[in-house]
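Keeping their order, the protein sequence lines are chains W, S and Z. If you want our numbering, it's the position in the first sequence, counting the first as 1, plus 1. If you want our numbering, it's the position in the second sequence, counting the first as 1, plus 8. If you want our numbering, it's the position in the third sequence, counting the first as 1, plus 6.
Rather than coming from a laboratory, the hints here were simulated on the basis of the structure. Because the structure is a prediction, the values reported are computed rather than measured. Be aware that one or more of the hints could be misleading.
[Claimed, not checked] Listed below are several chain W residues computed to face chain S (Cβ distance under 8 Å; list not exhaustive):
1) Thr201
2) Leu202
3) Met203
4) His259
5) Gln260
6) Thr261
7) Ala262
[Unchecked claim] Across the chosen pairs, the derived CB separations fall in these ranges:
8) Z:Asn83 x S:Ser22: 24 to 32 Å
9) Z:Thr168 x W:Lys375: 29 to 37 Å
10) Z:Glu151 x W:Asp365: 44 to 52 Å
11) Z:Thr112 x S:Gly64: 41 to 49 Å
12) W:Thr37 x Z:Asn211: 49 to 57 Å
13) S:Lys35 x Z:Arg50: 25 to 33 Å
14) Z:Gln21 x W:Pro376: 54 to 62 Å
15) Z:Thr168 x W:Asp95: 45 to 53 Å
16) S:Thr92 x W:Asn40: 28 to 36 Å
17) Z:Thr168 x W:Thr370: 34 to 42 Å
18) W:Val62 x S:Ser22: 41 to 49 Å
19) Z:Arg50 x W:Val62: 47 to 55 Å
20) Z:Glu108 x W:Asp95: 24 to 32 Å
Ideal Cβ positions, reconstructed from N, Cα and C, are used throughout, including at glycine.
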Amino acid sequence: MNQGVAITGMGIISAIGNTVEENFTALTNNKVGISTIDNIVTIHSDSIKVGEIKKTNEALVAELGLPADNNFSRTAMLGAIAAKQAVKNAGITDINEYKTGLISSTSVGGMDMTERYYYEYFKNSSILKYVESHDGGDSSQKIADTLGITGIVSTISTACSSAANAIMLGARLIKAGKLDRVIVGGTDALAKFTINGFKTLMILSDTDNTPFDNERKGLNLGEAAAYLVLESDEVVRKEGKKVLAYVSGYGNANDAYHQTASSENGDGAFLAMQKAMKVAGLGVDDIDYINAHGTATPNNDLSEGRAIIRMFGNKAPDFSSTKPFTGHTLAAAAAIEAVYSVLSLQNNVIFPNLNFKTPMSEFDLLPQTSLKHKPIQHVLSNSFGFGGNCSTLIFSKSE
Amino acid sequence: MEAVKQELKEKIISVLNLEDVNPEDIKDTDPLFGAGLGLDSIDALELIVMLDKDYGIKLLDPKEGKAIFESIETMAKYISENRTK
Amino acid sequence: MADKNSFIQSWCTIQNNKINLNGETIFESEPTIGFADFAKAAYRNFGWSYPKFFKMDSLSKLAFIAAELLLKDETTNETETDIALVFSNKSSSMDTDVTFQESIATKENYYPSPAVFVYTLPNICMGEISIRHNLKSENSFFIFEKFNPGFLSNYTDVLLSTNRAEKVLCAWVDFYKETYRANFYLVNSTEGLEHNETTIKTLFNT
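Okay, chain W solo, but in the shape it has when bound (with noise of 0.2 Å):
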C-alpha cells in the first residue's frame, strides 16, 4: 500500500462537542447533539430538528477575542476556533517557518448574517460591513489570518462533498512538493437559507435522522467546522512529529445524474470509491470501517447502500453513519467524519450508527448500531454532494 500524507493535528466545533476529546467522548457514550433549534427564528422550528452548536455569536466572538466591529459571519468563527485547534494540536508555533497553506471549504460562507440583515442593508450602516463577509472566500480568509498563514489560500465549493476535495487538494499539494504543510478542512453554520431550502426538497425530517433504516424519512440539518493538519514527510521528520494517521487515498466522480438526487445504482459513489482504494493501494478486505455518507434521506442511503455492495460484495465491512449525532454539516461534513476516522483509528472503535430498527428492503446490509471495538488499520469515509459531485478518503494508521 502506500503510505499517504501525515496528518499531525486536528480540531473540531460541533453539535456534540467543543474539541476533539469532548466529540469522541459524545461518540463514545451515545450523546447526541439534535435538538430543536434556539439561535435562529424560523416558522420551521416546531417541525425540524438539527444539529445546532449551543453557542450564540456573542460568546463565539469572546471566545476569539475578536473587536466589536468585526464582520465575521458565524462560518467564520466556527471555523477559526476548529483550525486554530488543529494548529495548536499539531504543536505548529511559527505557522510560516515551512511553506503553509489552507484550503478551506464552505457552501454557506457568511449567508446567516447576509440573511439576517438582508432589508436593512439599505437603512442601517453599521452592518454594511456584513455585505464584505458574504463571499465564501471571506471565510477562509479570516481563518488564514487568524493562523497567520500567508500563502496559499483557497476555497472549495462543491456542496457536501466540500471538505473532502480540500482534503484531497491539500494532500496532493503536499505530495506534488508545492507546500510542506497546509491546513484542510470546512466551516459551515445553519442558516435560514439552508433550512427553507432543504424544506423545498422535501428531505428534512421532523425526527432524529436514522440513517439506513427502511422508515427514514430525510435529514437533520447540523453546523459545524473541522481542520487538519497535513505535513509533509520531511518536516515531520525533521521535527520529530507525532502522526496521527495518514491520508492514503482519495478519489472524487460524478454522478452524472441529477442536480440533488442520486443514481440509482449510485455510479458516482463506486467510481470515487474505486478511485480512492486504488490511491491507496488497498484491496476491498483491507477497510476496516466506513464512515458512510448516511444522511438518511431515502435516496442518499438507498444509492449509497448499493455502492458499497457493489464495492465490497456481500461482505461488506462494518460501517455507520454518524449524522444521528451531529446532523448533516454539509461543507463541513466530510472533515468533521475525517476527525472521527482518524478517532477510530487511534482508539481501534467503530461509533454506532444510532436510531436504526427496521433492515431496508431493497438489499441485507445492516449498519454497526453499537459501539465496537476491534482492530482497525483503514477507514474509509464517503462523502456525496449536490452536482452529483462525490468524495472518498481513505485514512490509514500511523504505525
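Fit chains S and Z to the known structure of chain W by using the hints.
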C-alpha cells in the same frame, strides 16, 4: 373542470420552463412524468409548491404527489375537490 | 512533477452577448438584450436539442453553452469520456442565491422554489455538464477573487501528470446580475498550444 385543465397546462409549461411545448401538445391523460413530458423529481416538488400557492392545497409528503400528478386529468380532479382558493 | 507536456486544444469566451471560439466570434446578439434571451438565441442558433437547458439558472446556462462548444466532438452518449472539470469563479451561485433569498425573506409571500434552490451551489453547473456529456470524472469548483491562471494550470498539470484524467476542461464562469464572463479551455497532453500561465493569460486577455 375543462377550464382548470387548460389553466393547468399553461401553468405547468410556464412554471416548469417547458420551452417548445404548447398547451395543445399535452393530452389530458398523457403521463406527466417518465416518458410523457419527461418531468423529474424537482418538477414534482415545484408542482407541490404550485398547488400551495395557486390553489391553497398543502401536500406534506412528496409521495402523495405521485398519484395526483399522474396526468392533467388526475391533477384537475384533485384540485377541483380540494382547492381552498 | 509535470513530466508530461500539456496543451490547450480549444478555448471559448462568452461575455457581453458575444461568443468567441478559438479566437473567432461565432455568435453575437445585441448588447442590449438580457442574458436569458441571448442564451436562448445562442441555443437556437446552434440548433441544439436539450430541453433541460431552459430549466437551468443563468450560471449553468453560461457554462453549458461554453462546454457544449468545446466538448461537442469530444463526448458521446454511449461511452464515458475521461475529462476532468476544474471550474472557478468569484460570485459562486450568488445570482440564484439572491432569487432564493427573496422567496423566503417575507412571511406574506413565502413560496421558496425547489427548482431555484437546487441551483444555489456553484458546482451544480458542473453536474449539468457531466450529465449532458456523460462525464463521471473528477470535478472541483474553486472560489477566487479573480481569474487565476496560475492555480488552474498547476492543478491541471497535476491531474494530467498523475493520470487522473485524459483531458481537463478548465473554466472561469461567473454570473451576477447580468454581468457575466466565461473563460473555458480544454487541455490535453498531446497537441495544441503550449499550456501554461502565459498562454492562458494571452488567450483570455487578462
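Does 45 to 53 Å hold as the CB distance between Thr168 (chain Z) and Asp95 (chain W), or does it fail? Given about 31 Å between the Cβ atoms, the range is violated.
Interface hint compliance - Met203 (chain W) to chain S, C-beta minimum distance less than 8 Å: Since the shortest Cβ distance to chain S is 5 Å, the answer is holds.
At the C-beta level, are Glu151 (chain Z) and Asp365 (chain W) separated by a distance inside 44 to 52 Å? 51 Å, holds
Is the interface hint satisfied for His259 (chain W)? The criterion is a beta-carbon contact with chain S at less than 8 Å. 7 Å, holds
Taking the Cβ atom of Gln21 (chain Z) and the Cβ atom of Pro376 (chain W), is their distance within the range 54 to 62 Å? 58 Å, holds
Cβ distance range 49 to 57 Å for Thr37 (chain W) and Asn211 (chain Z), holds or violated: 54 Å, holds
Does the hinted range 47 to 55 Å hold for Arg50 (chain Z) and Val62 (chain W) at CB? Taking Cβ atoms as reference, Arg50 (chain Z) and Val62 (chain W) lie about 54 Å apart, which means the hint holds.
Quick check: does the Cβ-Cβ distance between Val62 (chain W) and Ser22 (chain S) fall within 41 to 49 Å? The hinted range 41 to 49 Å holds for Val62 (chain W) and Ser22 (chain S), with Cβ atoms some 47 Å apart.
Would you say the C-beta atoms of Thr112 (chain Z) and Gly64 (chain S) sit inside 41 to 49 Å of each other? Taking Cβ atoms as reference, Thr112 (chain Z) and Gly64 (chain S) lie about 18 Å apart, which means the hint is violated.
Given Gln260 (chain W) as an interface hint, is the shortest Cβ-Cβ distance to chain S below 8 Å? At about 7 Å, which falls below the 8 Å cut-off, the nearest Cβ of chain S leaves the hint on Gln260 (chain W) intact, so it holds.
Against the range 28 to 36 Å, how does the distance between the Cβ atoms of Thr92 (chain S) and Asn40 (chain W) compare: consistent or not? Hint holds: Cβ distance 34 Å, inside 28 to 36 Å.
Taking 8 Å as the limit, does the beta-carbon of Thr261 (chain W) come near enough to a beta-carbon in chain S? Thr261 (chain W) check passes; min Cβ-Cβ to chain S is 7 Å, inside 8 Å.
The structure shown violates the earlier hints numbered 11, 15, 20.
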